[in-house]
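K.L.:
The listed protein sequences correspond, in order, to chains A and B.
Going by UniProt numbering, the first sequence opens with residue 1, and the numbers climb by one from there.
Going by UniProt numbering, the second sequence opens with residue 1, and the numbers climb by one from there.
Where hints are given, some of them may not hold.
If the Cβ cut is set under 8 Å, some of the chain B residues that face chain A in the computed set are [stated by the list, open to error]:
hint	residue
1	Met23
2	Phe27
3	Ile98
4	Leu120
5	Pro245
6	Thr252
7	Leu270
8	Ile273
Bear in mind the hints are in silico, worked out from the structure with no lab data behind them.
Heads up, the beta-carbon is just placed ideally off N, CA and C, and yes, glycines get one too.
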Amino acid sequence: MAVNVKEMMNEKKSNQHLLRILEKVAPVFFLLCAIISVLTTIGIILTLLVETITFFNRVSFVEFITGTEWWPFGENASYGILPLISGTLLITVIAMIVAIPIGLASAIYLSEFAPPKVRKVVKPVLEVLAGIPTIVYGFFALTFVTPMLQIAIDDLPIFNALSPGIVVGIMIIPMIASLSEDAMSSVPNSIREGALAMGSTRLEVALKVIVPAALSGIIASFVLGVSRAIGETMIVSVAAGSTPKLTTDVTESIQTMTGYIVQVTLGDASYGSTTYYSIYAVGMTLFVFTLIMNLLSQYISRRFKEDY
Amino acid sequence: MNLVDKQVVQNKMNKRIISNRIMRQLFFLASVFGIVVLAVLLYRIFSEGLPYLDLSFLTSFASRFPEEAGIKAAIAGSIWLMAVTAPISLILGVGTAIYLEEYAQENKFTRFIRMNISNLAGVPSVVFGLLGLTVFVRLMEMGRSVIAGGLTMSLLILPIIVVSSQEAIRSIPKNQYEASFAMGATKWQTIRRVVLPAAIPGILTGGILALSRAIGETAPLLMIGALSFIAYLPENIWSGFTVLPIQIFNWTGRPQEEFHLVASAGIIVLLVILLLMNSVAILIRNKFSKRY
Chain A
1 MAVNVKEMMN EKKSNQHLLR ILEKVAPVFF LLCAIISVLT TIGIILTLLV
51 ETITFFNRVS FVEFITGTEW WPFGENASYG ILPLISGTLL ITVIAMIVAI
101 PIGLASAIYL SEFAPPKVRK VVKPVLEVLA GIPTIVYGFF ALTFVTPMLQ
151 IAIDDLPIFN ALSPGIVVGI MIIPMIASLS EDAMSSVPNS IREGALAMGS
201 TRLEVALKVI VPAALSGIIA SFVLGVSRAI GETMIVSVAA GSTPKLTTDV
251 TESIQTMTGY IVQVTLGDAS YGSTTYYSIY AVGMTLFVFT LIMNLLSQYI
301 SRRFKEDY
Chain B
1 MNLVDKQVVQ NKMNKRIISN RIMRQLFFLA SVFGIVVLAV LLYRIFSEGL
51 PYLDLSFLTS FASRFPEEAG IKAAIAGSIW LMAVTAPISL ILGVGTAIYL
101 EEYAQENKFT RFIRMNISNL AGVPSVVFGL LGLTVFVRLM EMGRSVIAGG
151 LTMSLLILPI IVVSSQEAIR SIPKNQYEAS FAMGATKWQT IRRVVLPAAI
201 PGILTGGILA LSRAIGETAP LLMIGALSFI AYLPENIWSG FTVLPIQIFN
251 WTGRPQEEFH LVASAGIIVL LVILLLMNSV AILIRNKFSK RY
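Extracted from the complex, chain B is given alone in its bound form:
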């Protein structure tokens, strides 16, 4: 019977240890890849866009001449769109979450709603665009308006808000409910005075993240016909409008090199808005989230 050959074992060990080291470095490089891409992307955009970014860029309308082009209408349009999308999607999303977490019984219908929501989250945004174009723009005759865009966007981000609100509600411990019921409160009173106040930081954090997805979304609004050349500000929810990403898309699609620089400036504005929204979300999460 052969005894274990120490030399063979030693050789194998070395091989295993070396391959461990090499792969570790490769895995590390793969995780750093994201940081490198982000750095290159930000560097490119800021170095190209910053020279174009000044007060007149923020306060002028789109123009045929790159040096005169601005994003006033796009910023106003994005704000209008958020003003429509935020309340609708939050009310519907939180309502759905409350229903699923507090009222729904565990039956086929409830399971169907759950499955439906998780599948809606995976539907491509162009398909929501087709829905908005057909139902809101044509069937309900809203035209290519802020309200049609806002409703489309609300449906698009609804699944995200539902899921994050559900998580916020689920994280409230059962003894909070029991204490409230023991005081004689009804179900609705408990939801209004105990559940919602405790869940609101989580709901807001999820809501803001969902809205920041909506503010960067381009395809559905292109489809319902948000225009890129608008020399006026939306006056009400029936007005035509444009938004930041569409303006950027328009500038990107032009052959002249200067417009690409203008697009960079537009992207900076968009990224700064996203950064602000995300910071607010993180702030709310850190400041108000309670641990039971």
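Okay, chain A solo, but in the shape it has when bound:
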């Protein structure tokens, strides 16, 4: 067999040359990928900032944050964001009233009481609930929860804050349950057994030992839940109506920040109109709200974390 050694050596050399280039190019390529995520953040902030500034060139900042009327259409437009914020908070409060007790109770049950068989059924169901698209929850709110509530409450309009609030709460339950359960499961068994050995009941162990020990993780999960509720869009777009109102009456139709943004983009507000720019100002407010909540949640879970 005639083997041309020189040819083989040359081939090897050119291969190595290629390899050396790849060795240099690869990290650069991966760094570029990582930078895209930073660019996304910069893009979001720049987009919101630039268009919001255009908006504030036309509408005074003071009117925006103190005005109690949001009516961005027609001649006598007024841009006071308080009604949108109150609508968002109303939905969030209802959602948390539903999600916190049920989510925390499920977490306690799963972590401290549940036999393995029950865990095996409940955990996947929670995962399935977490994976259901929000538009499906919205449909559920409008066509099932609202009619049910209408039986219980007389004169409840088809669009109201209560129904989407409850459904947003249901949507958040899996998140609070699984994050809180993670926090409680990470409390070491020795602590649990110590408390049991002192003669505590399971309930006392759960409420007086495990929950306090896991409190940072539990609170962080609540705060993340609030952030999710504030940013939730489709459920409120479908079931809460579109009448921004400064109210605490849960039976009234309201509008959230997210609902307003969707309403405007659906309605073809002409590009360049004040209405068009207003969605960026609202989006900026929404972004700031959720960012504060997310940072707060990270801070709580880092700052108050107990190491065992």
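Dock chain B against chain A, hints included.
P.N.:
Just chain B now, with coordinates in the frame of chain A:
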């Protein structure tokens, strides 16, 4: 000095044991609540939607008449969207994960990227919609097209893919690397021939779950202007399009009761697709995941 009164202790014990029992039942009910909601939701949707779900529903376009309405365009649009989103988000996400796990040094810049990704994961999807509308649709003049929607969706699910890929890469034991280096392999060779093959099941599982989030996402696509009345199929990435959730949203928003039934049928299709995607993810996880 009083000795311990047995009766008092006994009473207290009973109280504690009873409250333990009652609360246990309450906690149990709370965990079952999710199952009840899921059952009611599925029952409602299937009982309403199944009569409308037939072959002609899958093969006709949207219509003004509920009995003729179909989701052909929406299914095609969702598939087109996935075809754009999947490669872009996977390449960017896995690339970022490789950078963070293999190349990045522990410094301020790396910590900044990490923090940035975890914060991006918490940004509401409407805000991504605003980004897509401004940058892709208007600034880059892509119009209300599949590519604009796909890019927006890619950025939306990027954090999920990065985190799951990082976990997949991190679970590979150090001795695999050392064995590869000891054989004379370079860093890139090790990543390509050792790390990626070992991490691919985890990456795919996370990727499919992220894509199933994208396929059910409505708000950002509404904002970049995916239309709900389309009587044609997208021809290329520059075509206008609609997707399943938007079609469902459109039907849900109509006053006529019949359209709500049509929406139920649409939701069944969407849920079946999600179920399929999740089953594939679980299958990959169970079949290929290795324990070292």
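K.L.:
Of the numbered hints stated earlier in the document, which are not met by this structure?
P.N.:
Structure breaks hint 8 only.
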